[in-house]
Structure formats: C-alpha cells, structure tokens
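Spelled out from the first residue to the last, the chains are:
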Amino acid sequence: MESVTALETLRQALPDLTIELVPSVDQPAIVVPAEAIELVARQLREHPQLQYQVLAELTAADFWPREPRFEIVYHFVSLGPAALGDGAPPAARLRVKARVAGDQVRMPTICRVYRNANWYEREVYDMFGVVFEGHPDLHRLLMPDDWEGHPGRKDYPVQIHKAVDVAQPLQVTEEDFVRNIERQRRISGADPRVQ
Amino acid sequence: MADIRTETMTVNMGPQHPATHGVLRLVIELDGEEIVQATPTIGYLHTGIEKTAEQKKWQQVVPLVERMDYLAAQSNALGYVMAVEKLLGIEVPPRVQEIRVLLAELQRISSHLVWLGTHGMEVGAITMMMYCFRERELLLNINELLAGFRLFPSYLRIGGLREDLPVGFHEAVTAFLDRFPSKIDEYEGMLTKNSIWNKRTRGVGVLTRQDILDYGLLGPIARASGINYDVRRAFPYLTYPSYDFEVPLAQDGDVYARYTVRVAELRESTKIARQALARITPTGAWGVDDPRIVPPPKDKVYTEMEALIQHFLIYSQGFTVPAGDAYVPIEGPRGEHGFYVVSDGTNRPVRIKSRPPTFLALQALPKMITGGLIADVIAVIGSADVVMGDSDR
Chain A
126 MESVTALETL RQALPDLTIE LVPSVDQPAI VVPAEAIELV ARQLREHPQL QYQVLAELTA
186 ADFWPREPRF EIVYHFVSLG PAALGDGAPP AARLRVKARV AGDQVRMPTI CRVYRNANWY
246 EREVYDMFGV VFEGHPDLHR LLMPDDWEGH PGRKDYPVQI HKAVDVAQPL QVTEEDFVRN
306 IERQRRISGA DPRVQ
Chain B
3 MADIRTETMT VNMGPQHPAT HGVLRLVIEL DGEEIVQATP TIGYLHTGIE KTAEQKKWQQ
63 VVPLVERMDY LAAQSNALGY VMAVEKLLGI EVPPRVQEIR VLLAELQRIS SHLVWLGTHG
123 MEVGAITMMM YCFRERELLL NINELLAGFR LFPSYLRIGG LREDLPVGFH EAVTAFLDRF
183 PSKIDEYEGM LTKNSIWNKR TRGVGVLTRQ DILDYGLLGP IARASGINYD VRRAFPYLTY
243 PSYDFEVPLA QDGDVYARYT VRVAELREST KIARQALARI TPTGAWGVDD PRIVPPPKDK
303 VYTEMEALIQ HFLIYSQGFT VPAGDAYVPI EGPRGEHGFY VVSDGTNRPV RIKSRPPTFL
363 ALQALPKMIT GGLIADVIAV IGSADVVMGD SDR
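Chain order of the listed sequences is A and B. Count along the first sequence from 1, then add 125; that gives the number in the working numbering. Count along the second sequence from 1, then add 2; that gives the number in the working numbering.
Please note that a few of the clues may not be correct.
[Claimed, not checked] Below 27 Å or equal to it, Euclidean Cα-Cα: the simulated BS3-like pairs (lysine-lysine) are: (1) B:LYS300 - B:LYS59; (2) A:LYS222 - B:LYS58; (3) B:LYS185 - B:LYS201; (4) B:LYS302 - A:LYS279; (5) B:LYS195 - B:LYS273; (6) B:LYS59 - B:LYS302; (7) B:LYS58 - A:LYS279; (8) A:LYS279 - B:LYS185; (9) B:LYS58 - B:LYS300; (10) B:LYS195 - B:LYS185; (11) B:LYS185 - B:LYS273; (12) B:LYS59 - A:LYS222; (13) A:LYS222 - B:LYS53; (14) B:LYS201 - B:LYS369; (15) A:LYS279 - A:LYS222.
Everything labelled a hint here was simulated from the structure, so no lab data went into it.
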C-alpha cells in the first residue's frame, strides 16, 4: 500500500521516466534507467512526501554472464516522524536498482545529492570497475592503488597467485649524489644555510 | 630573520598507531596543533570476506560474517541469518526469537564494554579498561558455555540455533545481569562527572543533525545528535515490539553525548536481556520444523534412513534459497547493520554485502576532527567506536 503511494509520487514527479516495480520480499524495489539516477535520487531526498533523507547502502551485484551484467543497488531510508519531526512521512525503505551492461560500465554519481555515496561509489569502482561519472575523487578504496583487476567481478579468478611486489631501496652512486646536490643549489640560488 | 615563513605540516597517523583501533591510517595536515585537513585511508584489513562467501554454501557463511565486525560477532550473524530467512520465507519459532534477542543484547553490552574500556583508556582513564574487560570476560564465558567459542560462537544458524541452550545457561546469565547494573554505576562514577573527562570530551567532534543525515550515520552517533532513530523501533524485527525499553537520546552531538548515549544503552540492554531471559522456557524448539534446512537430530540419523539421507544432503549440498534479494537491517552495537543478500536459486549466494556502520563513521571522521586539535583526534576516534574489520571486511 505504502510502496504504491511512494511509487506514484515518484512517477508524478518524474513523468518522463520509465520506473519499473520489481517483485521483492522485504521492501519495495524499483528499477530506474541508469542515466537518470541522480534525478531520481534528488526527488527521493527532496520531495516533501518522500523524504528519503539517508542513503543507507549502495552496492553492486554481478550476474555474469547474463547481460546487462551489473546491478547497482541503492537502499534509501526515510527515518520517520520520530527522527525528522512531526509532519514527516512514516519510516520507510526503498530499494532502487539500475542495470549496467558489461561493455559500458558507466554510471552517473549521486555524490552531489547524498554525500556518503562518495566512499560507497569508490568501493563499487574498486570491486566491480564501475566508473561513476562526475565523482570528485574516484580511486580505489579497499584494494591497493596498483592492484590489477576488480576482485568483486564473477570472472575474476578466485585463487590468484601474484608475485609479491618488493620495494627496492634507492640505488644512488656517489657521483649522482654530488651532482644532485649541485643541481639543487643552482635551482634554489645562493642559500646561506648551505656552505 | 627577514621574514618568518609558516607552513603546514603533514603527519601520517597509523596504520600502526595503537589508538586507531586496528589499522586505520590518517593523513593529517597540521597548522601548529590545529588540523587543517584529514584524509582517512582504509583497506589495510581487507580480507575479501564478501568474495569468499560467494564460494561457500549458505550455512557456511555464518562463521565468515561473524569475523567482519569482530567485537559484535553475533550481531553480524543475526543480520545475515535474518536476511537469508527472509529470502527462504521462513519464520523461526518464538522461543528462538527470544533467545536471539537475548544474545543480541548481550553482544551489544559486550561490544560497548570494549568501546568504553578502550575509549576511557585512550583519554587517560586507564582503569576503565581493566574494569570493563573484567565484565566482558563474564560475557565471553557465557559464549564459551553456549558454543565452546568465546569470540565467534557461530551459534545462530539459518533456521534457528545450532543446538538447544546448554545446562547452566540461565544461571550464568542471571548471575551476570544481577552483577552488572552496579558495575555501570562504577563506570559512571569514574567518568560522568570527572572534570578531566569532561574537558576532554565536551564540545569535541561535534556533528549536527544535518551532518548525520548527509553522512548516513544511523546508530548511537545519530542518537547523540538528537536523531531519534533506532531500527528496533522504526523497523521492528524479532519480538522487540513486546519489550519495554527506552531509546537513549542526547542533543549535543559531541564526544560526551556519544558517551552518555552508549552508557544509557548498557542499562537498556540489561533491561531487555532480563525480560528476554524470563521469557525463555528451559526446553522447547531451537529451530524451524523444516527438514530441508535444519539437520535431523543425531539419534535419528543413526536409526532412520530418511534422516540419514537428509543429514548427508544438508552437509554435502546444503540447501537452495529462492532467487531474489533481501536487505534486512538490525540495530547492531555500532548502528544500523544490515545485510544485503542476493540469491540465484542455488545453494551458494551470488552476493553478500554488509552495511558497515564503521565505514560510514570513518567517512565522517574528517568532518569531526577538522578545525580541532590533534589530541582530540584520539577522543573522536574512540567515540566513533571504530572496528576496522567491520569497515574493511
């Protein structure tokens, strides 16, 4: 009942969009086009009858080899009148999904609407290689920066043997060392501290 | 001395700093003692639990998820088993629900005790750690009695519990609950009005209501900023609606407010645990009556052929879960701790994702410490109650 009204409100606010209600056992779930996610997120957060003020969770699931392969899953929560004050809609949850194809793993960011999407999107990029366009600081979060591949993907090998990267100490000969110091001096001019 | 240049200094704190509760690394830019900018780096404890879980059968995932937030193992397990039970469409018997409530609350107490002990110790009250770990030891003993394991009991299972409660469980929990309220008074006596504690924590690391919503912090941190949201009240699960308890609130949003909220939660959890214990009957069901999921009792396995077949089916192939997905939130010790579970109808999960409260708290850390002093960083990290296993998984 409640999910129907939330869906209707959203459809009225965004009449040009195809919003599909999908079956779900726990909370209402909708599928929206990937390119419209920021629009939908803004409506969900700011529409007075919805007020999904918090992004509870953002993740992805890989259904390889099915296409479209990735599902980006957003869980929004409206905290209800006890938390937001009288007049707020009752506490509710909503799952929003966007489907992304394996050859075009791109998705608009929702960082500008929900600030905490920042790290979630970095994690999804790290694990699944989904590029969030417009993200202010998109780089790996959990894996090391020089890691190859995206371990969350289903076609990523489970047992992988990687050679250990060992940092080599810097090898400098005496001549290089002296030359380097003299070069520094030339660049910085006459520094009185250097005799 | 023509002109004095001032410049900011960049300090690397962690990942091996004892007050970062594990392997959190903070790159802090300092202007004197004041923090200009802070960048948390996580991932040093990333063990790929969610990926590993995709190779396991549904029931085998329980010990894995328990190792995520290693201070609140049973809360992780509770979130996971409830999500899978939602997909399976089964409801566990009332007695199991009461036992789960009791274990969840004992786990909350246990986790809060580690928080209080380490938080106190880092701010200078070293005695707190000794006192809190003394009571936590009793809870770990209860876990040991329950399952033979102290930190990761794996006692909660999909479809119920591993086995019935052991002999002496009621007595052990009663003894703890009788002893504990006076101990909370003891902790409060050492901190609540202590002037050093007040000076170190009041007005430090403030988060406003809007910050809480922006950063998606749900849990004790949100309640310390005056947001009355508790999953047990807003989206009730198990038998929580029938329990008499308060949701502690504070308005200031600083480190001290988070302290008062969590200490009040210790009292409320004790209250819930006492009510739950009174409701748990000594004997009764400890799992759903569904031979697909719960293995048959051992005496039947040795005497009946159907039970033997069922036993082998469950332990060799597991059970299948209908295709679909579910997200079930619970109120963990650190806040809303949900599990998102995806199934494609086979005996192994497609995807498991926990909603880690620590992850979000760390994302908000720069907001809490920027503009403050470097000494306050320790107090703020302590008040956020971070567990790196939870955030890195």
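Quick rundown of the hints versus the structure:
1. B:LYS300 - B:LYS59: 21 Å, holds
2. A:LYS222 - B:LYS58: Holds: LYS222 of chain A and LYS58 of chain B sit about 26 Å apart, inside 27 Å.
3. B:LYS185 - B:LYS201: 24 Å, holds
4. B:LYS302 - A:LYS279: Given pair LYS302 of chain B, LYS279 of chain A is violated - Cα atoms ~40 Å apart, limit 27 Å.
5. B:LYS195 - B:LYS273: Measuring from Cα to Cα gives roughly 24 Å; hence the hint holds.
6. B:LYS59 - B:LYS302: Holds: LYS59 of chain B and LYS302 of chain B sit about 24 Å apart, inside 27 Å.
7. B:LYS58 - A:LYS279: 14 Å, holds
8. A:LYS279 - B:LYS185: 50 Å, violated
9. B:LYS58 - B:LYS300: 24 Å, holds
10. B:LYS195 - B:LYS185: 16 Å, holds
11. B:LYS185 - B:LYS273: 14 Å, holds
12. B:LYS59 - A:LYS222: Holds - the C-alpha atoms of LYS222 of chain A and LYS59 of chain B are around 26 Å apart, at most 27 Å.
13. A:LYS222 - B:LYS53: 21 Å, holds
14. B:LYS201 - B:LYS369: 20 Å, holds
15. A:LYS279 - A:LYS222: 19 Å, holds
Violated hints, listed in ascending order, are 4 and 8; each of the other numbered hints is respected by the structure.
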